[in-house]
Structure formats: structure tokens, C-alpha cells
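Engineer: Here is what each chain is made of, one letter per residue.
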Amino acid sequence: MAHDYEKSKSIALKTILLLAFITVVEVIIALAGKGYIISGFEAPWWLMGILMIALSLYKAIKIIFEFMHMSYEVPAFAKSVLLPVGLLVWAVIAFMQEGNSWKKRREFVDDKNKGIEQLKSEDPEQTGSLLKDLYDSDFH
Amino acid sequence: MATETVTHHDTDHHDHHVDMTTADWDGGAPVFKASYGKLMMWYFLLSDAFTFAGFLIAYGALRFSMPSWPVPDFVFRLFPFAGTTVLPLIFVTFMTFVLLFSSYTMVRAVQEGHRENQRGVAVWMFLTILGGAGFLGCQAWEWATLIGKEHMTVTRNPFGTHTESGAYLDANGRVSDEVFTAGDSYLIHKVGGHGAGHGDDHGDAEHFTDAGDYKSAVVDDQNMIHRKFQITDGPNAGTISSEAYGPKAFGGLFFFITGFHGFHVLSGVIFLIIIFVNVMSGLYIKRKNGYEMVEKIGLYWHFVDLVWVFVFLVFYLL
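As you go down the protein sequences, you meet chains A and B in turn.
Heads up: the first sequence runs through residues 889 to 1028, numbered per our numbering.
Heads up: the second sequence runs through residues 129 to 446, numbered per our numbering.
Be a bit skeptical, because a hint or two may be false.
[As the list claims (entries may be wrong)] Here are the in silico distance ranges between beta carbons for each label pair: (1) Ser898(A) x Leu258(B): 36 to 42 Å; (2) Phe996(A) x Ser395(B): 42 to 48 Å; (3) Val980(A) x Arg302(B): 47 to 53 Å; (4) Ala920(A) x Ile413(B): 48 to 54 Å.
These are computed hints drawn from the structure, not numbers from a lab.
Ideal placement from N, C-alpha and C gives every residue a C-beta, glycine not left out.
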């Protein structure tokens, strides 16, 4: 028992130090990627995103399995809690897609409004074709 | 409770002082070799995870739907007592450390509980309570700064982003040498709101007193100063325009989601205090179940930290 206690104490300390270290790395990525640390250096946003999301997921796994003792529970217990979370993968993909679609609709409306303004002003022929192009590109 | 009478169930399953035995579950063996309370805490946390995920996904979808979005390293760049020094994300990193530290002390309290060490549990729980309170204090400062100094509200977001390059107009309405490029962030100030901490109060030589159209800015009826600028590239080059508010959804999402998380931390601190008092009173010594109550509040507390990992990712890092 005493041995177990010492062992779990050292696991907890190692885990917290790892979590703190990863947090620092994440912040460094977030700042370095935008040119705060090395001036003029900018990383592509998707690369930063993937790195930071992966590191955060790793932190989450460490918290669940070590701090919340999930790795010491019966496997079926762990599955009953963790598998439903998988549904969120779909939710994230679907709603990001949806957000993108909203953006396209907004841009369409903006462009169309600009087209109407042009129509009122000068070159009706050209604007008319612009409106038709917009309509064709988005709603068909 | 079940309506049908189950006669052979005479064991008292409300009696929490019974250790993890058949009495807890009435079915011969505890499900998943875990106590009822611990398992149900996990399922509660699962449902709570879906709630938070819903909010964070809504944030993501709305952010994706906007042509521009406030940049976190511009919005969160102040530090207490550091004046206008630009320290992007440093304060939230500090907050994260406070919460992580309290998660560690919570683990230690649970471990001491397994050894039935009352004093150890009390000391580590006390440190956890301090950590939680410290985090709430940090959040209070963050909110106070956003609301009081930067004038952000649930429906007003003064953090905007330039979509075109240009140069600001000076007090005489002439194009100045203060230029910006597309993608640069700005904060819309309030009349008389000097020392707002974002050190870009140029063009304020004109004295704004009331709402109106000035040479260098437009002051709206909420007394917010929208500085004027001339666009220098793209199809609108040469046009005079003024700073627009940032996406409205940002303020509401920020206050609601960090507020919901903060409310979890607050409830956690209250429960920690209650359980701390029970530890001190020796209640859990009598239960002889390895301080299971401390373990259960520990699960909740780690969950709050777990959610923060994602709030931190979504609001401050990405």
C-alpha cells in the first residue's frame, strides 16, 4: 500500500508537470505563429490549429486517464463514458460546415446588394449579368 | 422511484455510509466495480460535456460564418498592474496554471483520502479551494477589464478587424501617416475613456463631447468613437470610411461560455468548502470508505479543468 501511494504520488507530479509544459508550448505556438516571438515569422493558420488542437486533446486524455483515474476503472466503465463523446466528432464537422455555408450566404447577399446599387447607377447591362452570375453560382 | 413493489429489496440503498458493497446496487455485485455515486458523477459529467461542447461548437460555427473575427492575442493582451504593456495571452496562461495547480492539489487530496489521512486531505483540499478562488479572482479581473475599460458588452463588440489597407485621418480630416493593413485589429474607444489600455488613442486631438460626425471620427449615440480612415487599396481605394464594430456574437459568446465555466468553478468551490468542513469534522472517518466523497468532488473538479483546456483552446489559442 505504501509503495502504491509513493508511485501514484510521483505519477500525479509527472502528469501536472507535463500538462504545464504542454500549456507553455501551446502558448508559444500561438504567439510565435503570429510573429510575436520572431518578428516577421508567421506560420500557416491550419498548421498552428492542428498542433494546438492535438496538444489540447492530449492534455484532455492525460486529465481523464490520470487525474480522473479512468485508466484504473473497468474497461466497460470507461467505454460507457468515453464512446458517446465520439458523437461530437460528427457535430464538430457538421457545424463548421454549416458556419461556412452561412458565410457564403452572407457574401452572396452582400454582393447582390452591391449589384443592385450598381444597377441603379450606371451600367445596367453589365450589372444584370452580374446578378445572373451570382444567382446561378449560389442557388443552382 | 419504481412503482412496482420489489419485496426482497430490503437493503437500504440510501444509506451512503455503507462501503462499495452489494447494498449499494442491490443486484449482487456493484456495476463496473464502482460505487453508485462515482458512476453517476461520471454520467453527469458526460452530460455536462455535451452541454459545453454544444456551446463551443456554436462559437465555432458563428466564427466560421463571419468574414472577420476578433483576434485573441489582440483582445487578451493586458495584465493586472502592467498598464498598457502588451502581454498577449500571458494573463490567461497564468489563469490556466492556477487551475492546473488546483487540479494537482485535488489529486493529492484524493490520494491522502485513500490512506485515510484526515490531515493530508484537509491541507490539500484547502489549497484546492485557494486555487479555485484564485481562478475566479482572475476571471473577475478579466471581465472587469473587458466591461469597464474596453466597453465590451453582450451586444456590443468594440474589437474590430480592418478588411482593407488604409490610413487614418487626423484631427483636420487629412490623411495621416498612421497606416494599417488588412487584417489589423482595432479597439473602438469610448468618449472620455482614456487609459483604456490599448495605447492607440491617436487622432483624439479633436475633442469629442457628443455624438456626431467629426473630421477624424464618427461618434455614435453610445459615445463610441469610430475613427475615420482612407482606404488605400482594392476596388474601394480612395474612399473615406470609419471603423465598424466587430462581430456582435463575440461578446455574447465570450461572456456566456466563460461565465458558464466560471459558474461551474464557483459551484465547485462551494462544494469543496462543504466537503472540506465535513473532512474537518471527521464525518468521513466514520464512513471508512477511503474518503469517497473527496474522490467524487475531485472528479467534478478535474472536469472543470478539462473544460478549461477546451475553452482555452477555442477562445484564446485558435
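Engineer: So which hints don't hold here, by number, going up?
Structural biologist: 1
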